[in-house]
Amino acid sequence: MSDERPTLTRDEVAHLAQLARLAVTDDELDLFAGQLDVILGAVARIGDVAAADIPPTSHAVPLQNVFRADEVRPSLPREDVLAGAPAVEDSRFRVPQILGEEE
Amino acid sequence: MTVRDDVQLDLSYDSVVRRFAPVIGLETHVELGTVSKMFCGCSTEFGAEPNTHTCPVCLGLPGALPVVNAKAIEYTIRIGLALNCSIAEWCRFARKNYFYPDMPKNFQISQYDEPLCVDGHLDVVVEGQTYRVGIERVHMEEDTGKNTHVGGATGRIHGAEYSLVDFNRAGIPLIEIVTKPVEGTGPLAPEVAKAYVTELRDILRSLGVSDVKMEQGSLRCDVNTSLSPIGVSEWGTRTETKNVNSLRSVERAVRSEIIRQAAILDRGGKIKQETRHFQETTGETRSGRSKEEATDYRYFPEPDLVPVAPARDWVAEIRASLPELPAARRTRLKSELGLSTEDLQQMVNAGVVEAVGETVQAGASATEARNWWMGYLAEQANSREVEPTSLPITPAQVARVILLVADGKLSTALARQAVDGVLQTGKDVDAIVAERGLAVVSDTSELTRAADEAIAANPDVADKVRGGKVAAVGALVGAVMKATRGQADAPAVRQILLQQLGVSE
Amino acid sequence: MTQLHELDAASTAAAIASGEVSAIEVTQAHLDRITAVDGDVRAFLHVDTEGALAAANAVDEQRSAGAALGPLAGVPLAMKDVVVTKGLPTTSGSKILEGWVPPYDATVTRRVLDAGIVMLGKTNMDEFAMGSSTENSAYHPTHNPWDLSRVPGGSSGGSAAAVAAFEAPLSIGTDTGGSIRQPAAVTGIVGHKPTYGAVSRYGLIAFSSSLDQAGPFGRTVLDAALLHEVIAGPDPLDSTSIPQPGPDVVAAARQGARGDLAGVRVGVVRELTGAGGGYQQGVLDCFRAAVDTLAGLGAEIVEVSCPNFDYALAAYYLIAPSECSSNLARFDGVRYGLRVGDDGSHSLEEVMSLTREQGFGAEVKRRIMIGTYALSSGYYDAYYGQAQKVRTLIARDFAAAFTAVDVLVSPTSPFVAFGIGERVADPMAMYVNDLCTLPASLAGTPAISVPCGLSDETGPALPVGLQIMAPAMADDRCYRVGAAFEAAYTAANGFILKQISQLGAVR
Ligand SMILES: [Zn+2]
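Protein chains in written order, with the numbering used here: chain A, 1 to 103; chain B, 1001 to 1505; chain C, 2001 to 2507.
Certain hints may be false.
[To be verified] Below, a list of computed lysine to aspartate or glutamate pairs in the EDC-like style, where the Cα atoms sit at most 16 Å apart:
1) B:K1180 x B:E1136
2) B:K1180 x B:E1089
3) C:K2086 x C:E2098
4) C:K2498 x C:E2006
5) C:K2086 x A:D27
6) B:K1146 x A:D27
7) B:K1482 x B:E1453
8) C:K2095 x C:D2406
9) C:K2086 x A:E79
10) B:K1146 x A:E79
11) B:K1242 x B:E1284
[As the list claims (entries may be wrong)] With the Cβ distance kept under 7 Å, some of the chain B side facing chain A (calculated, not the full set):
12) V1035
13) T1052
14) V1126
15) G1128
Simulated from the structure, these hints should not be mistaken for laboratory data.
Beta carbons are placed, not taken as given, at the ideal position from N, Cα and C, and that holds for glycine.
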């Protein structure tokens, strides 16, 4: 069966790019639509594996309860915090006008 | 369906709730009172200079990794237990992916389908009736940074020219407490909502897990509201109102959203499922700008963290260490202080039960503690538009003032001056008393001299009193009090004046 | 006499410790070598001449003050640019981080510096470690010292080429799906991917968090082991770091070099030996010869089957893109790095999208979009969720195999180094380079690549790698078997890097 998935359309690629905040060009949309479709076709065979009852693995060596004590450690000097920033004002990171709502 | 705008319907609250049954739900975010952040060692202290409590982890610098604060887990379990939740044997963190400039990694570490605490409840009493609010879940996440919007008229996001981001708050441990839908409250939905948040706040405070200051944003509320016509069992479409940041606002937000939705439904309209924002100034909710895309958070288990599996004996230990919770304390205070059910209810409504209890515990009499918190302090809080317990005075300080009055060292007027001093300066009661020379003038000869002077200066009044109009002595008392700058004990002054005038009551 | 840059790390450290040479001399020799050959190889993105000489000087001063030196004190090292280095530019091979100077050190960096190792600079890589050829670097390709028209593998191609070209005796790479082992194989050096969690990930710019692991490159198995020992161990800054110390890999390498594998059971993985085609014959020939060599050392050879390895490629190309789509979200032009379009006419949302569009290369964008797709509601269970289950099945295949054998072997890559530009247009053709290395990545188990011969099937004689895989936390087995094989191979064929004909290399 491997690939019964509908092919990835240009519009879907545009939607993915929007979700991922990538201002892709029209040429890229054409290129990526084809390439992503091939890749997704190749990975779709993952669905052939009968794994319904198999627990997922997220880490190779299973660990749990890794904590740190609630202790204050030194923060970075503020010059260092802001040194790499594209724009700074009043010791804060300056960003252009935000259109979206706060979550 | 047609939208009718020709019909005149009664949109008073009383009328609306006769026709519609509200269903509410609350999502409460609480900043935990750990000293360090959720995933790094930066301080959580409020009010620091911008971006001074930041490090590679909470700035989301390339390569940085989170490590869970054990205290945050413990506090969350405490909260879960106090809310009668089950504590998960095993749970994980997940990434909630969305882009926003106050979120350094452009994902929030949160919990998704595996929260730490599930399935609890909290009982609240409104007008003598107990309502059980189901708790769906209590989960952990991290707070965001803070945006300041510059330019434009309002300092709000709309119309701003640009924004400035401070990441001091980013990564402060946050828990979200989500209720199940609350049905069957009828017209009391707004009161139940407020009572729930009040009770929750008192529990959190008694657990010592948060400073729960709504005005500093350490407790924030989102309120879901839907209406269905009376007799219809399906729920209506709900809206989520954000930005509800005081107890009073919780009540107002629910009430105004009920009326707003009713107005739409009455005209045959449909409620849009959306996020709305509560406006403190108008008491109404306003629609959020609709998003151009459906939100798809692409949750997946946070691969940089390992599962949390609280040992059962640890959970048992935490359970054993829980303090007396507000409901139990109320029952105890009621009998210990000899309060009537109405007295207690008034104190609950005013949000001062805990404060009164602590004031009594600090040595004050129950009556005086109640009078101060329900009286002068409530007035001060009201004029400042904060909750009485948010005033910068502690129950211990109030108790100290009460003791000084009881010992005759302060008059009521002086006591109020002392309280004002504490509220203004944050200094201790005794420091204020010493600094401002607040002390009852109890030297009888001094008071007698002042009384004689007052009599001499007001012969007409003196005559009236001598002539039997005892009530007129008030003017002379006032004069003496003025002369002694309020430091005399008024009943004592009155006594001396009458004595000097040769009048008895 | 052998020039200083030709010495292996162990000999260099010994010469410095004995006072035969100074660390400054050693460092200068390597800086000179870089000047001489890196114009051709282009292994480095940034050479820190001043810092390296200062670090070397500090080692010399310590030595003259009589302080005890660590086993690699004064030995030069090249650091993959994915590892964060305080005060040294760190780009992860991407334009989006061009000019970023980190305010902190990765744990790996800290440990390297604390050991007195001299960091020469930062090496080229596929952008954000996504690739198998280093052609995805936003800066320039790196050239294979064996044939400058070919790739050095990837993503740690710069680190591998630097060691193979004698620009540094040691380097650090990172391996997510094969990014240490495959470049080691195609440049003729040793590269080890440790057990997941053995080396701290704190300060590695994340590609795929549940797979990324830093590890050593060296020209000998012992050198790799010495560096492994420096960088491995528990780290409270990485929640996924294994809290116990790992095995003694240096002792294992020394034991292996004595050449006795009697009693060691070696499993040949049927699924990774080209039964279904797709492997170059020259690679398979070298591999068969290597297995014979192991048998000659006393190892018992068994064929084992790991059927779920066939799904490793699909699982990997779902998990890694999914995690990277989230890990790379932070590159948005707000706090550091590139910002594009902030001219007053664009909103923040537009500036973020323009920044990411211009700052990321095509492969990164492809993977971000694949991952965004795979994590989307409605697809999660079928893709990311299913891939995590397949990981479990692959781990079970390993576990079953390791009940019967001590180590598993396969070719490291189905191919020798290919020509620059040959595969860039076809992502899938690039992805199959990782066929043999992906199972150990997904299972989090350790694996080493050791040179096992030359193949002239595609033109000039080019190196082939032998992959040796072991159970989690049994990295010592990789080193022991690797060192035994290396000793036997070198005894029979001479030191493999002596056969590099370019760069006027080694005598
Ligand atoms: Zn921090």
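* Quick check: which numbered hints come out false for this structure? -> The structure breaks hints 2, 5, 6, 8, 10, 14 and 15; every other hint is satisfied.
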